[in-house]
Amino acid sequence: MSIYIIFALNALLFASVLFLLTAGLNIIYGVMRIINLAHGNLYALGAYVTAWVLLTVGYQAFPGPLLYIVPPIIGVLVVGLGALIMEPTLLRPMYKRIEEFQLLITFGVLLILEDLFLLIFGPYPLSVREPYTFLGVSKIGDLSYPNYNFLVIALGFIVAFALWFLLYKTKFGIILRATSLDREMAAAMGVNVKSLFTVSFVIGAMIAGLAGGFIVTKDTAVLGMGIEALVLAFVVMVIGGLGSMKGAFVGALIVGALRQIGTAYFPEIELAILWLIAAVVLTIKPQGLFGR
Amino acid sequence: MTSHASRQVRNKIIGYLIFLLVLALIPLFTRIGLVTEFVQNLLMYSIIFAIAGLAFNILLGYSGLLSFGHAAYFAVGAYTVALAPQFIGNTSFEVLILLALVASAIVSMAFGYIAVRLTRIFFAIMTLALTQLVWALILKLYWYTGGSDGVNVRAKPLLGIPFNEFMSRPEYLNTVFYYYLLGIFAISLFIIWLIVNSPFGRALLATRENETRAEFVGIRVRLYRWYAFIISGVFTGLAGALFAVLNGHVTPEQADWIFSGDIVFVAVLGGFRFFEGPILGSIIFTFVRQYAMGYAIFWRLILGSVLIVLILAFPSGIMGALNSIANRIRAGSRVLPAATTPTPTAITDIKHHQDGGREK
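Those sequence lines, one after another, are chains A and B. Here the working numbering is used: the first residue of the first sequence is 1, the next is one more, and so on. Here the working numbering is used: the first residue of the second sequence is 1001, the next is one more, and so on.
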């Protein structure tokens, strides 16, 4: 019995990371109508920077709970800075151009980032296990489950709540949603669309960086982790509906559960199952479960 | 068709024939030492990439669909050639090519059926993701595919004649296989040229320029796109089949997203608004990569930077740059319909139309 609880927790853990990734992609898509192919690599950047900070400064430098706050925040800030540079220089000239060019630009960034990781952090995975092991394990029946995973699951829910609050309960959220619905009308009402684009791109990227910063002590920072994450986030996006936050949340839970079932029972065709489901959803409801 | 246009077509055909003739003379140049075998070998890779690039461009250049998934069909073609001899023995290459065409047709039919339901960004994502699926399957079904080690491919008899039995591998590749490859390239070039210049090709252009209007004129947009997708996939599979024999080894790298990116890059570098763009792009790409990789391991860094510079400064690629130089020299020169870039207003036009339709 307790094995099923562990399965469920794993599914939630996975869903949490996927939600963080997809939420960022969705905010960017919703406001700017751009799919950032480098999004997965921004997640990887968060992971790399966090691991690098922990390895060079040493985990001893961060007493108590700071260990779980400061290094990921540094990672998030670096990702935010990268996004802050990327949006005005590379993406802004693209808004008036055809969408293929927007994709190609972000694909260029993806290629550059992939090699920059190799150049700066080297070909070997960066691994820091201390923050993960320090939290210990909980007993579930006769099995044990790492406490750190609960932290990551909680993070997903906290960010989900924070985003809901930001989008639906603040003035900024109203402006964001209005711009997403009708860019020109929002501009006519006095919204500074340019800076709004920059802000939403940075927010989206930072959420991905946050996910990377927290996942890195559980797994490792490794080359190619970005594209793997990107592809899974796409599945969530396709199932949930593009640009829909509710879609990202529900889609992440569905994909998290499917992935867990897949890895437990059909490890060879686990990815194939995910895509099969995505294809079925697309065929029946092309706009996704919650897409407009 | 005006006499002006037909003269232009004739000039183009003469141009292609001269190009093919030069390629046909390369082995002679190699023999007398004007060209090294290494260069000839690279040229063969370029020709294969050019087939894949031309096929890819049926989608990007003529249908306005950016596929990040052409590695999938390339890999399906390559792996068919690599794995089929286990079941049917070491037959002539034509049989294997035929099987590769059938296999890539089946896969592109299935993937295309899903992907053409989407357009623009979503199409690109869907194709990228479907490729990752093929890649993952090749990697995980290692008892069939050899996993990350890949599969070795032996030289094949061509046209039923077992050249591979009385020739060394370099001799085989540089003589008979070279001409075989060139022949297939010429046929593919001709067929793809016919397709994009047929009424079907014109209809694809119409769907690229304005989907809504094309639908109103009576073009079944989704069906036409599906056909274009399958044609594109089949020719990419053909390139993969040729690659398997030339390379002598196939690995999951051929199904990887990076490889899809290479095919995209070839078209964008050469100029995807031009029929010949991918050919030029693939020759430059193959040679520059070979020499750049010798000096820098950070090849993707270079690739990404060049891609960004291309998009920002030269969106119509090398062909576009050459064309505008040529036009400046002989002012008043004509521009081909395929060479016109859709203006951003045309695109926003569609968006407004669709947005308006949704709100009412």
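Some hints here could point you the wrong way.
What the hints assert, rightly or not - Only part of the chain B face toward chain A is listed, based on derived beta-carbon distances under 7 angstroms:
| no. | residue |
| --- | --- |
| 1 | ARG1120 |
| 2 | LYS1140 |
| 3 | ARG1289 |
| 4 | GLY1294 |
In case anyone wonders, no lab produced these hints; they're calculated from the structure. What you are looking at is a predicted structure, and each value in this text was computed from that prediction instead of being measured. Note that the Cβ used here is the ideal one computed from N, Cα and C, for glycine as well.
Now for the hints, and whether the structure bears them out:
Here the hint on B:ARG1120 is kept, as its CB sits about 5 angstroms from the closest CB of chain A, short of 7 angstroms. Using the Cβ-Cβ criterion of 7 angstroms, the hint placing B:LYS1140 at the interface with chain A is satisfied: the shortest such distance is roughly 5 angstroms. Look at B:ARG1289: its Cβ only gets to about 13 angstroms from chain A, farther than 7 angstroms, so that hint breaks. The closest approach between the C-beta of B:GLY1294 and any C-beta of chain A is roughly 16 angstroms, which is over the 7 angstroms cut-off, so the hint fails.
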